[in-house]
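For chain F, the structure is supplied; the task is to place chain W on it using the hints.
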Amino acid sequence: MRKVTLEINGKKVEKEVQDNTLLSTFLRDYLNLTGTHIGCDTSQCGACVVHVNGNSLKSCTALAADIDGSKVTTIEGLATNGKMHPMQEAFKKLHGLQCGFCTPGMVMSAVDLLQKNKKPSDTEIRDWLEGNICRCTGYQNIVAAVKEAATKM
Amino acid sequence: MKDFNYHSAKDSKEASKLSSSNSAFLAGGMTTIPSMKLGLASYKDLIDIKNIKKLSGIKVSGKSVTIGATTKHVEVANSKEVKKAIPSLANLAEGIGDPQVRNRGTIGGSVANNDPSADYPSACIALNATIHTNDRKIEASKFFKGMFETALKKGELIEAIEFQIPEKSSYQKHPNPASRYAVVGVYVAKHKKDINVAVTGAKPCVYNDRDLSKALSNSFSSSSIQNMELDSSEMNSDIHASAEYRASLVVTQAKKAVDAC
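Chains F and W, in that order, give the protein sequences.
Here our numbering is used: the first residue of the first sequence is 1, the next is one more, and so on.
Here our numbering is used: the first residue of the second sequence is 1, the next is one more, and so on.
Okay, chain F solo, but in the shape it has when bound (with noise of 0.2 Å):
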């Protein structure tokens, strides 16, 4: 066991953990934010991505010890005051989901890519946005989603 602290959210957190304790059950079981969904748990979905430092990384392939002192912002502290975050808000508008479960990651990683790339092309879209699988869509919403969003970040 080992105690960690975080800002998540924006909220500092301290907690005793299991050495092997990944970031995804840290966020998931010990903290309740459960909008970090894992899909795949072998780091190929991306349902669990998150932000550590501003990166967007997999949260289920991370230690919660070895991210100790980091900043994590997980799809709960997207909104401000009760207002989604454009990217939600493009998601919602042009349909960017079906049943909604890689929508966190994809949302994630998507604000990610428009940290580092404010107008990206379909292609650029398409290519960030490859460790990010969605079963249910054939993506055309969700790249006409970050698109929108990238007119309004």
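One or more of the hints may lead you astray.
[Said to hold, decoys possible] Derived list of chain F stretches under chain W, where covered just means 3 residues or more per stretch with a C-beta under 8 Å from a C-beta of chain W: (1) 1-7; (2) 42-51; (3) 82-93; (4) 122-131.
[As the list claims (entries may be wrong)] Straight-line alpha carbon distances no greater than 25 Å define the calculated SDA-like cross-link-like pairs of lysine to any residue that follow: (5) W:Lys17 / F:Met1; (6) F:Lys118 / W:Ala241; (7) W:Lys17 / W:Lys54; (8) F:Lys3 / W:Tyr43; (9) W:Lys80 / F:Asp66; (10) F:Lys15 / W:Lys37; (11) W:Lys80 / F:Asn55; (12) W:Lys83 / F:Asn117; (13) F:Lys93 / F:Lys147; (14) W:Lys256 / F:Glu124; (15) F:Lys83 / F:Gln98; (16) F:Lys3 / W:Lys10; (17) W:Lys10 / F:Glu7; (18) W:Lys37 / F:Gly69; (19) W:Lys256 / F:Arg126; (20) F:Lys11 / F:Gly77; (21) W:Lys37 / F:Cys40; (22) W:Lys53 / W:His132; (23) W:Lys2 / F:Asp68; (24) F:Lys3 / W:Asn51; (25) F:Lys119 / W:Lys53; (26) F:Lys147 / W:Lys83; (27) F:Lys116 / W:Lys80; (28) F:Lys119 / W:Lys83; (29) W:Lys37 / F:Arg28; (30) W:Lys44 / F:Val17; (31) F:Lys3 / W:Lys84; (32) W:Lys37 / F:Asp66; (33) F:Lys71 / W:His132; (34) F:Lys71 / W:Tyr6; (35) F:Lys118 / W:Ala77.
Hints are computed from structural coordinates only; laboratory data are not their basis.
These numbers were taken from a predicted model, which means no experiment stands behind them.
Don't be surprised by glycine CBs; every beta carbon is placed ideally from N, CA and C.
For chain W alone, coordinates are given in the frame of chain F:
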């Protein structure tokens, strides 16, 4: 995942001291953590080397580019110095996995793991790299020993990888569409004295294809290797590609790489 003790080392000396016959170094963890989760590997101690400042960073001199072991793929892909000195190396880093893997995965981890389909081992062979460890310097040609096997001894830690700047070079791969690992990847580098054609994905371990490099030494053009047929008897065969297909892909990717040089 089985229980283990997590340690964060302050320097290479401490990392080496903490290591045992039942430990592993942890850098990005992009292979180590999934392997442990799947029960393919288990360790008593995981020694995190990410906080060792000396191990991260990129240095370029007139003749070489030296990249610290814990430098992430995204840092190599975006580095202006690497893009200028060896554009093909930045390009290779940009093609590894997905953005989240590139945000986390490290060059040292990739080289130490020596996955038969990993990209970086081919860069080491093509660019006459020297692997700097906490104990010695190892030439790339003597480093990669077999499938997931390297010349590293237990507790020996890669600190940096020094690549020789070539006259021209290009890395071309046929990626597995799901994982982005190379079904076959070919790194062609033309140096003043030699030409290397490093191949990953085709055999159990990265290798320098002497037949292709010999043909290219006579004439550095894709037409000089146009009709070559490689021996496929030692090549990998799986659901993604047969050995014969891989042999054909090596020539195809080598031609593309020469044309892109």
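A quick look at each hint next to the structure:
1. With a threshold of 8 Å between beta carbons, the proposed coverage of the region 1-7 of chain F by chain W is violated, since 1 of its residues qualify and at least three are required.
2. Under a criterion of three residues with beta carbons nearer than 8 Å to beta carbons of chain W, the stated coverage of the region 42-51 of chain F is upheld, 5 such residues being counted.
3. Counting residues of the region 82-93 of chain F whose beta carbon lies closer than 8 Å to any beta carbon of chain W gives 0, which falls below the threshold of three, so the coverage claim is violated.
4. Given a C-beta distance limit of less than 8 Å, the hint that chain W covers the region 122-131 of chain F holds, as 3 residues qualify and 3 suffice.
5. Between lysine 17 of chain W and methionine 1 of chain F the alpha-carbon distance is near 22 Å, which keeps this suggested pair within the 25 Å criterion.
6. Note on lysine 118 of chain F and alanine 241 of chain W: the hinted pairing is violated, with a Cα-Cα distance of about 38 Å set against a maximum of 25 Å.
7. Taking the CA atoms of lysine 17 of chain W and lysine 54 of chain W, the gap is about 17 Å. The hint holds against a cut of 25 Å.
8. Pair hint lysine 3 of chain F plus tyrosine 43 of chain W holds up; C-alpha atoms about 21 Å apart against a cutoff of 25 Å.
9. Restraint check for lysine 80 of chain W and aspartate 66 of chain F: the C-alpha separation of about 29 Å exceeds 25 Å, so the hint is violated.
10. With a C-alpha separation of about 23 Å, the suggested pair lysine 15 of chain F and lysine 37 of chain W falls inside the 25 Å cut-off, and the hint holds.
11. Of the supplied pair hints, the one linking lysine 80 of chain W and asparagine 55 of chain F holds, its CA atoms being roughly 20 Å apart against a limit of 25 Å.
12. Under the criterion of a C-alpha separation no larger than 25 Å, the hint pairing lysine 83 of chain W with asparagine 117 of chain F is consistent with the structure, at around 18 Å.
13. This hinted pair checks out: lysine 93 of chain F and lysine 147 of chain F have alpha carbons roughly 12 Å apart, not beyond 25 Å.
14. Annotation: proposed proximity of lysine 256 of chain W to glutamate 124 of chain F holds, straight-line Cα distance about 23 Å (limit 25 Å).
15. Taking the CA atoms of lysine 83 of chain F and glutamine 98 of chain F, the gap is near 21 Å; set against the 25 Å cutoff, the hint holds.
16. With a CA separation close to 18 Å, the supplied pair lysine 3 of chain F and lysine 10 of chain W stays within the 25 Å bound.
17. A threshold of 25 Å between alpha carbons decides the hint, and for lysine 10 of chain W with glutamate 7 of chain F the separation of about 23 Å falls inside it, so the pair holds.
18. Among the hinted pairs, lysine 37 of chain W with glycine 69 of chain F is consistent with the structure: their alpha-carbon atoms are about 24 Å apart, no more than 25 Å.
19. Annotation: proposed proximity of lysine 256 of chain W to arginine 126 of chain F holds, straight-line Cα distance about 24 Å (limit 25 Å).
20. As the CA atoms of lysine 11 of chain F and glycine 77 of chain F are separated by approximately 10 Å, the hinted pair is consistent with the 25 Å bound.
21. The suggested pairing of lysine 37 of chain W with cysteine 40 of chain F holds, with an alpha-carbon distance near 12 Å, which does not exceed 25 Å.
22. Only pairs whose Cα atoms come within 25 Å are accepted, and lysine 53 of chain W paired with histidine 132 of chain W is accepted, the gap being roughly 16 Å.
23. In summary, the hint linking lysine 2 of chain W to aspartate 68 of chain F is supported, as the alpha carbons are separated by about 21 Å, within the 25 Å threshold.
24. Note on lysine 3 of chain F and asparagine 51 of chain W: the hinted pairing holds, with a Cα-Cα distance of about 17 Å set against a maximum of 25 Å.
25. Straight-line distance between C-alpha atoms of lysine 119 of chain F and lysine 53 of chain W comes to about 34 Å, which puts the hinted pair past the 25 Å bound.
26. At most 25 Å may separate the alpha-carbon atoms for a hinted pair to count; lysine 147 of chain F and lysine 83 of chain W exceed this at roughly 28 Å.
27. The suggested pairing of lysine 116 of chain F with lysine 80 of chain W holds, with an alpha-carbon distance near 16 Å, which does not exceed 25 Å.
28. Restraint check for lysine 119 of chain F and lysine 83 of chain W: the C-alpha separation of about 22 Å stays at or below 25 Å, so the hint holds.
29. Distance check on the hinted pair: lysine 37 of chain W and arginine 28 of chain F sit about 18 Å apart at the alpha-carbon level, within 25 Å; holds.
30. Of the pairs offered as hints, the one joining lysine 44 of chain W and valine 17 of chain F holds, with about 17 Å between alpha carbons and a cut-off of 25 Å not exceeded.
31. Distance restraint check for lysine 3 of chain F and lysine 84 of chain W: the Cα-Cα separation of roughly 44 Å exceeds the 25 Å cut-off, and the hinted pair is therefore not satisfied.
32. Of the supplied pair hints, the one linking lysine 37 of chain W and aspartate 66 of chain F holds, its CA atoms being roughly 16 Å apart against a limit of 25 Å.
33. Using a Cα cut-off of 25 Å, the hinted pair lysine 71 of chain F and histidine 132 of chain W is violated, with the two alpha carbons roughly 33 Å apart.
34. At most 25 Å may separate the alpha-carbon atoms for a hinted pair to count; lysine 71 of chain F and tyrosine 6 of chain W meet this at roughly 20 Å.
35. Restraint check for lysine 118 of chain F and alanine 77 of chain W: the C-alpha separation of about 18 Å stays at or below 25 Å, so the hint holds.
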